[in-house]
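If you want the building blocks of each chain, they are given just below.
Number of protein chains: 2
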Amino acid sequence: MKRAEREQPAARPEACNATTPMGRAIRLVGDVCILLIVINLLSGPRRFSELLEQLGHISSRTLTQRLRLLEELGFVERRAFLEIPPRVEYHLTPTGQEFGQVIAAIEEFARKNLADPLPPASCGTLCSAPSSDHSPVSRPVTASLCDESDALTEAGEEAEN
Amino acid sequence: MKRAEREQPAARPEACNATTPMGRAIRLVGDVCILLIVINLLSGPRRFSELLEQLGHISSRTLTQRLRLLEELGFVERRAFLEIPPRVEYHLTPTGQEFGQVIAAIEEFARKNLADPLPPASCGTLCSAPSSDHSPVSRPVTASLCDESDALTEAGEEAEN
DNA sequence: CTGGATCCAGGCAGATACTG
DNA sequence: CAGTATCTGCCTGGATCCAG
Numbered sequence: 000m001k002r003a004e005r006e007q008p009a010a011r012p013e014a015c016n017a018t019t020p021m022g023r024a025i026r027l028v029g030d031v032c033i034l035l036i037v038i039n040l041l042s043g044p045r046r047f048s049e050l051l052e053q054l055g056h057i058s059s060r061t062l063t064q065r066l067r068l069l070e071e072l073g074f075v076e077r078r079a080f081l082e083i084p085p086r087v088e089y090h091l092t093p094t095g096q097e098f099g100q101v102i103a104a105i106e107e108f109a110r111k112n113l114a115d116p117l118p119p120a121s122c123g124t125l126c127s128a129p130s131s132d133h134s135p136v137s138r139p140v141t142a143s144l145c146d147e148s149d150a151l152t153e154a155g156e157e158a159e160n
Numbered sequence: 000m001k002r003a004e005r006e007q008p009a010a011r012p013e014a015c016n017a018t019t020p021m022g023r024a025i026r027l028v029g030d031v032c033i034l035l036i037v038i039n040l041l042s043g044p045r046r047f048s049e050l051l052e053q054l055g056h057i058s059s060r061t062l063t064q065r066l067r068l069l070e071e072l073g074f075v076e077r078r079a080f081l082e083i084p085p086r087v088e089y090h091l092t093p094t095g096q097e098f099g100q101v102i103a104a105i106e107e108f109a110r111k112n113l114a115d116p117l118p119p120a121s122c123g124t125l126c127s128a129p130s131s132d133h134s135p136v137s138r139p140v141t142a143s144l145c146d147e148s149d150a151l152t153e154a155g156e157e158a159e160n
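If you're matching them up, the sequences are chains G and V in order. So in numbering that gives the first Met the number 0, the last spot in the first sequence is 160, and the numbers never skip. So in numbering that gives the first Met the number 0, the last spot in the second sequence is 160, and the numbers never skip.
By construction, these hints were calculated from the structure, which means they are not laboratory data. Beta carbons: idealized from backbone N, C-alpha and C, even for Gly. Take the hints with a grain of salt, since some may be wrong.
Unchecked claim - If you want a taste of the chain V side facing chain G, the calculated C-beta under 7 angstroms gives, among others:
| id | residue |
| --- | --- |
| 1 | Met21 |
| 2 | Val31 |
| 3 | Leu41 |
| 4 | Arg110 |
Stated by the list, open to error - To give a feel for the contact side, a few chain V residues facing chain G, derived at Cβ under 8 angstroms:
| id | residue |
| --- | --- |
| 5 | Glu49 |
| 6 | Leu51 |
| 7 | Ile105 |
Using the sequences and the hints given, assemble the complete structure.
Have a look at this one:
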């Protein structure tokens, strides 16, 4: 058995409902690799190796998987030339271009709310209790994940790992 | 040590550039779990256990991680009540609501391009060779991932958002 | 009694090396 | 250059246990 091994390219199916369009969409969007591929392809056709470096440290295996999934969904078209040296170009189909809208939304969101890694954050400290007089224990948003794990603040190993 | 173990909540940092707003955004969006959480929270505050079932088979551990990440980013606010029985509510902050725009874009994309799992797909079979007279090997888009894996076909539970 | 932290084991993702 | 095969590791999910 070759190409259809035993693995789901995108996210794990249990995570969302694949029966609805939205479910499928989430599976696509909810995959960093796919997002990155589409973003790159939005700039025009790319060759396999080009994508490989553009995406950073994605393995060829993973790239192939994602590319194939996108191809099957009709978002990406693969064009292979049986020449020496071999050449394969991937480019977005019109449908795939639509994905650009989603990317755009993400970019806008990023600009508006992620310019700074840690905005004023939740008012957190005190907020009128929703429906009872109990004390809403407000946690000072201890950035546990941010300081000691590389959650979203480290500007270190982005590509040179 | 309790809550900050040793793991990255969202996607692996190597996958994208965390130094740019867009990079951070991709990390958020590129996580199915996070998407699902936000979608659920868009409908209003939820309790921990509610989210747990809404998301399906996400483990409490993973849910806690994501929730905490979103909390630190200021997208989600955690409100715990020291009462008996204990109660914890999570709800989106205004900033978190912004995320709704992204969700909306995804939904629109889903409606437009994912209503049918496998659209006409890439014309694939033949397309005018881009810049050479070699034969573009057109592969019949073998739906390897779609049929034999539960990629896009299994039916499960619904998180009606 | 809920929230969630820990431990264990399994599955998916990534890296490396090889082939056409 | 494109893609595949195999191995390893990390993340994830499940069960269990603890704290408030």
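Note to self: Of the numbered hints stated earlier in the document, which are not met by this structure?
What the structure shows: As far as the earlier hints go, 3, 5 and 6 are violated by this structure, in ascending order.
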